[in-house]
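J.: Each chain is listed here by its residues.
Number of protein chains: 2
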Amino acid sequence: MYDFEGDADNGELSFYSGDVLTIIRQDIGDGWWEARNAQGEQGLVPETYVEIMSSVEEWDDDWDSDDGEGSSNSTVGTPGGQDLQGQGNFGLAAPRREGKQLSPSAEMSKYGTVKSSFNRFSTFAKTGGEAFLMGEVDKNVPESDRIRIIETAEGPRWYCPDSQRYTCSVASPKKESKMKGLKSYIAYQLTPSFSNIQVSRRYKHFDWLHGQLESKFACIPVAPLPDKQVTGRYEEDFVQERMKFLQMWVDRLVRHPVISRSEVFLHFLTCTDERKWKQGKRKAEKDEYQGGKFFLTLSAPQQALDMRDVDAKMELFCKFVMNMTENVKQLNAVMHDYSKKQMGPFKREYTKIGTSFKQLAMTFNIDTTESSKQLTAAIDHTGDAYNEIGNMFERQPPSDAYPLMDSLHEYKGILQTYPDVLKVHEGATGKAKDCLKAQEEGKMTEAEVNKVLARADTISYGTLAEMNNFQTERVKDFKLMMQLYLRSQIKFYQDMTKKLEDALGHYDSIQTPS
Amino acid sequence: MYDFEGDADNGELSFYSGDVLTIIRQDIGDGWWEARNAQGEQGLVPETYVEIMSSVEEWDDDWDSDDGEGSSNSTVGTPGGQDLQGQGNFGLAAPRREGKQLSPSAEMSKYGTVKSSFNRFSTFAKTGGEAFLMGEVDKNVPESDRIRIIETAEGPRWYCPDSQRYTCSVASPKKESKMKGLKSYIAYQLTPSFSNIQVSRRYKHFDWLHGQLESKFACIPVAPLPDKQVTGRYEEDFVQERMKFLQMWVDRLVRHPVISRSEVFLHFLTCTDERKWKQGKRKAEKDEYQGGKFFLTLSAPQQALDMRDVDAKMELFCKFVMNMTENVKQLNAVMHDYSKKQMGPFKREYTKIGTSFKQLAMTFNIDTTESSKQLTAAIDHTGDAYNEIGNMFERQPPSDAYPLMDSLHEYKGILQTYPDVLKVHEGATGKAKDCLKAQEEGKMTEAEVNKVLARADTISYGTLAEMNNFQTERVKDFKLMMQLYLRSQIKFYQDMTKKLEDALGHYDSIQTPS
Chain Y
1 MYDFEGDADN GELSFYSGDV LTIIRQDIGD GWWEARNAQG EQGLVPETYV EIMSSVEEWD
61 DDWDSDDGEG SSNSTVGTPG GQDLQGQGNF GLAAPRREGK QLSPSAEMSK YGTVKSSFNR
121 FSTFAKTGGE AFLMGEVDKN VPESDRIRII ETAEGPRWYC PDSQRYTCSV ASPKKESKMK
181 GLKSYIAYQL TPSFSNIQVS RRYKHFDWLH GQLESKFACI PVAPLPDKQV TGRYEEDFVQ
241 ERMKFLQMWV DRLVRHPVIS RSEVFLHFLT CTDERKWKQG KRKAEKDEYQ GGKFFLTLSA
301 PQQALDMRDV DAKMELFCKF VMNMTENVKQ LNAVMHDYSK KQMGPFKREY TKIGTSFKQL
361 AMTFNIDTTE SSKQLTAAID HTGDAYNEIG NMFERQPPSD AYPLMDSLHE YKGILQTYPD
421 VLKVHEGATG KAKDCLKAQE EGKMTEAEVN KVLARADTIS YGTLAEMNNF QTERVKDFKL
481 MMQLYLRSQI KFYQDMTKKL EDALGHYDSI QTPS
Chain A
1 MYDFEGDADN GELSFYSGDV LTIIRQDIGD GWWEARNAQG EQGLVPETYV EIMSSVEEWD
61 DDWDSDDGEG SSNSTVGTPG GQDLQGQGNF GLAAPRREGK QLSPSAEMSK YGTVKSSFNR
121 FSTFAKTGGE AFLMGEVDKN VPESDRIRII ETAEGPRWYC PDSQRYTCSV ASPKKESKMK
181 GLKSYIAYQL TPSFSNIQVS RRYKHFDWLH GQLESKFACI PVAPLPDKQV TGRYEEDFVQ
241 ERMKFLQMWV DRLVRHPVIS RSEVFLHFLT CTDERKWKQG KRKAEKDEYQ GGKFFLTLSA
301 PQQALDMRDV DAKMELFCKF VMNMTENVKQ LNAVMHDYSK KQMGPFKREY TKIGTSFKQL
361 AMTFNIDTTE SSKQLTAAID HTGDAYNEIG NMFERQPPSD AYPLMDSLHE YKGILQTYPD
421 VLKVHEGATG KAKDCLKAQE EGKMTEAEVN KVLARADTIS YGTLAEMNNF QTERVKDFKL
481 MMQLYLRSQI KFYQDMTKKL EDALGHYDSI QTPS
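Heads up: the protein sequence lines correspond to chains Y and A, in order. For what it's worth, the UniProt record's numbering labels the leading residue of the first sequence as 1, then goes sequentially. For what it's worth, the UniProt record's numbering labels the leading residue of the second sequence as 1, then goes sequentially.
Mixed in with the good hints there might be a few duds.
Note: identical chains are not told apart, hence a pair may lie in one copy or across any two.
Under the rule of at most 27 Å between Cα atoms (straight-line distance), these lysine-lysine pairs were calculated in the DSS-like manner [to be verified]: (1) Lys293 x Lys278; (2) Lys340 x Lys498; (3) Lys373 x Lys319; (4) Lys340 x Lys499; (5) Lys319 x Lys358; (6) Lys451 x Lys293; (7) Lys347 x Lys479; (8) Lys491 x Lys347; (9) Lys347 x Lys498; (10) Lys347 x Lys499; (11) Lys313 x Lys373; (12) Lys498 x Lys476; (13) Lys476 x Lys373.
Keep in mind the hints are simulated off the structure, nothing from the lab.
Looking at chain Y on its own, in the form it has when it is part of the complex:
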């Protein structure tokens, strides 16, 4: 993602933004991975400078070994699971992965250089989105499936009564095994606040849910799951780290006014019975209001939208997403660099000062007169204080830079998925404009076109409601992120000041001859 000038003496591997590296080891620790470049050179690379493009190893090797499906041809003992893509039980998984392998330059639009898959619009067309726009689908959506959009002073918004808000904890990861211990995995315990009943979910369940949400909610960017990782999967740190990101991921979904109340999400959060789980799973996979057809479920305001106004809003938002993508990458890189500096050079600088003071105190210790002894003790204590400040610098990033980087990482994921969502809208309005042209050419009637425009408005209303939701969430999130970051920085410098004040206090009592 970024240029990295590695220190070859320290075994680091240099690379440029855009280089493709093969990751050899991910369990080095301290934010380093081992990688090999195209020239076959190996070395350490900072993990936040690279991004996993695609790998069959991303998939749990026990992917298809429970839930009954495919258990007759279990791949136990087949690491990597290359033979799994074609199984089709989690249908969307394969096309999604193929989508991510598309080159960004293969299909470009005004959404520009944001790297992502650009096949959502074709999916939209394939899955019946175009059919929705052209009125070729029925609209007998049951009331329970309907999603309301309301007009507010700040534009269209998802309707969500406060009474329906809830939270959900992700906790207590447990190592479980099956097939007489041949296979083991980690199960996380989820407890929604509305039921207080705990359900046990594995990473693959999250992954299935993610696929379902992405397929269904055509105008809602769903944050990617935390990165998959094969090596060291059961190590305590890794499990805790993954759990933290799963909690963040769940937090965002339970806050979402549409997703939080969707049947598939509630099924995921509440189902404890294995038979019912499979039923609900199959039902979700057969959901007829997925993709383009999702717009059938929207109850948008009747008022027609001004197409130029909508276009202008989309253009601005698109710019926002692209710029914010860059800002988030930049800030993340700066924070990564800052935390490396804190743990390395900053710590070293203060430790060097501490060591110099302590060495001076060792010499001063030769003079055993009372006032000299007091000074020696005070300087030695100052040396300790600077050494401790050095250690504070080393311990600080998990309190300030890392949490900020975690949140930025989450936003990076959301922003990456946004171009897909915007392309759905772009495709729909493009089609609507085609229809207006067709009307001018006498190929469509005004009544037909008005119906198309109304349906295009529904897509616009949904997209705008989600954009407004994104902005509201962004303001809340960044307010909190900045507050947490600044509070932690303030605490850090206050603690440092306290250490120095304590050190200074040791000099007050030194009795020097007049």
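Got chain Y; can you put chain A on it based on the hints?
T.: Just chain A now, kept in the frame of chain Y:
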């Protein structure tokens, strides 16, 4: 003095501790000089990593052009003044400079590797020190010239009644000229607290005084004067910097119980009449109690000293001086490095954070809803705060590292002159031991030897009194240095905390939708 790994791309010149470089330019600024190594390579070197060994250019080019002496063969217009060494009006200057060119390895003793001239003992012998020890000089010292040493719980000390303490300010540097403006120089105004009468002194007067003090007080290390510098001599910064160091130098002398009351020093501080100045100057230069004969003026306690006890004390103190010399160099190098880091990488790190926040705010500015605008303003303000913190890091060294480095520099000078003083004592006790041996061999009578031993004790008393004075001053000085350093550091981190608290405050008022 230290290894320096320069960045050749930045035009820096690498060298090792001990390398001899030729300084080409001293007016580069920011602590850099331009130098050439033995291989003819040129580049920038950090001035605190090197020390001026010897140079004819150290001498003011108007050295002998006033005070009437030698004015008939004035060297106006002869820069460098290579022809000045033999003029002898400031007799001690020449041998002192020659002394500094002696290789440290030429004459080694237990004072080991401390680099300095080692010809003091021979000077001591030459100037009548050995004669003093052997009783070949009369002792009719007038009462007014007598210096008392008293025994205290912490050993022998110079007697100095509090009533005789005073201070002296060095201020108001004025550019003056003579010979119809052909020559100009800076005169500093000195005002002793006991008279409150201002006297005007040039650097060359300070240099003359320094030479007199060094020649006279055989057991007292006199701090070197601040470095001489030819280029940019009248620039405001240089003058202020030199004045600061002259003030430090005078401060140390007025605090010294012996020097502060010496005739030559008081003459320097008080004489306003040009004719009397020359008289006093000549009198000081002809002072018969200089060098070894200085010990004639000491009124030491009668009690005989235990030679082994004195030897042990000297050995320990010698170790102290050597270790402290290393500590001071080390701490100075660390502080130099720390201040460079503060002004460079530390500042850059905080500026990078500030810039990233401000760039994020620029993107967020696209969303003009009220709560977003409030967040944007807060983040922009946080960006400003980090930029200001970056600037604070850049401005900080003059408040903490530099004052500490100035004091360390002064101590480095004092410690460098100490081996000379200790060698005087070593020579005296060595001679006393020779006499004891001569007594055993029947070559000297017990009465003769006892007189020698009593006179050796006088030298020991003087040396011990000065050592105790040094240690008392050291405790006072380092207490103050550390307090100033820590207070400045505390203020710095408090100011930083305030900036961050102010930034944090901007988030509290952001109204986010529930």
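J.: Taking the hints in turn, state whether each one holds.
T.: For each hint, the structure was consulted:
For the homomeric pair Lys293 and Lys278, the shortest alpha-carbon distance inside one copy (24 Å) is at most 27 Å, but the shortest distance between copies (108 Å) is not. With identical chains, the CA atoms of Lys340 and Lys498 are at most 27 Å apart both within one copy (24 Å) and between copies (25 Å). In the homo-oligomer, the alpha carbons of Lys373 and Lys319 lie at most 27 Å apart only across protomers (17 Å), although the nearest pairing inside one protomer, at 66 Å, exceeds that limit. In this assembly of identical chains, Lys340 and Lys499 lie within 27 Å of each other by CA distance both inside one copy and across copies; the values are 23 Å within and 23 Å between.
In this assembly of identical chains, Lys319 and Lys358 lie within 27 Å of each other by CA distance solely across copies; the values are 17 Å between and 56 Å within a copy. Taking the shortest Cα distances, Lys451 and Lys293 sit within 27 Å of each other inside one copy (16 Å), while across copies they are farther apart (117 Å). For the identical chains of this complex, Lys347 and Lys479 are inter-copy neighbours only, at 25 Å across copies versus 29 Å inside a copy, given an alpha-carbon limit of 27 Å. In the homo-oligomer, the alpha carbons of Lys491 and Lys347 lie at most 27 Å apart both inside one protomer (17 Å) and across protomers (20 Å), since each shortest distance falls under that limit.
When the C-alpha separation of Lys347 and Lys498 is checked against a cutoff of 27 Å, the pair qualifies both within a copy, at 18 Å, and between copies, at 23 Å. Both within a single protomer and between protomers do Lys347 and Lys499 lie at most 27 Å apart by alpha-carbon distance, with minima of 15 Å and 22 Å respectively. For a Cα distance limit of 27 Å, the shortest separation of Lys313 from Lys373 across copies, 17 Å, qualifies, whereas the shortest one inside one copy, 73 Å, does not. Taking the shortest alpha-carbon separations for Lys498 and Lys476, only the inter-copy value of 24 Å comes in at or below 27 Å, while the best intra-copy value is 32 Å.
In the homo-oligomer, the alpha carbons of Lys476 and Lys373 lie at most 27 Å apart only across protomers (12 Å), although the nearest pairing inside one protomer, at 56 Å, exceeds that limit.
This entry satisfies every hint, going by the numbered hints stated previously.
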